[in-house]
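So the sequence shown is numbered by UniProt numbering: it starts at 1 and just counts up by one.
Everything labelled a hint here was simulated from the structure, so no lab data went into it.
Nothing here was measured: the structure is a model prediction, and the numbers come from that model.
By construction, the Cβ of each residue, glycine as well, lies at the ideal position given by its N, Cα and C atoms.
Any given hint could be a false lead.
[As the list claims (entries may be wrong)] Estimated spans, in silico, between C-beta atoms of each pair:
hint	residue 1	residue 2	range
1	21	49	34 to 42 angstroms
2	45	13	42 to 50 angstroms
3	45	20	46 to 54 angstroms
4	16	36	30 to 38 angstroms
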Amino acid sequence: MGGLFRAPKPVVIAPPPAAAPAQAAPTPAMAAEETAAASRTETRDRARRGLAGTIATSARGLLGASADIAATRKSLLGE
């Protein structure tokens, strides 16, 4: 049962169809931007992992210090 006053229903107007943009051939500038973006993402991810997440190597092979840092790092408060 309806009330004495009803809210008017909004008139729905269909939006005009959007024109499909033509796909342009990738230019060298676009390829360079994609390469730079991938490089920034990789750098950001590497910085997020921190020192313990990197693999430190020398001329003689894997350095023992980076493995020791990860093993001795506190994981819980009070350890």
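So does residue 16 sit 30 to 38 angstroms from residue 36, Cβ to Cβ? Since the Cβ atoms of residue 16 and residue 36 sit about 36 angstroms apart, the hinted range of 30 to 38 angstroms holds.
Beta-carbon spacing of residue 45 to residue 20 - inside the hinted bounds 46 to 54 angstroms or not: 34 angstroms, violated
Okay, residue 45 versus residue 13 on CB: inside 42 to 50 angstroms? 46 angstroms, holds
Could you check the hint for me, namely that residue 21 and residue 49 are 34 to 42 angstroms apart, CB to CB? 38 angstroms, holds
Hint violations for this structure: number 3 only, all remaining hints satisfied.
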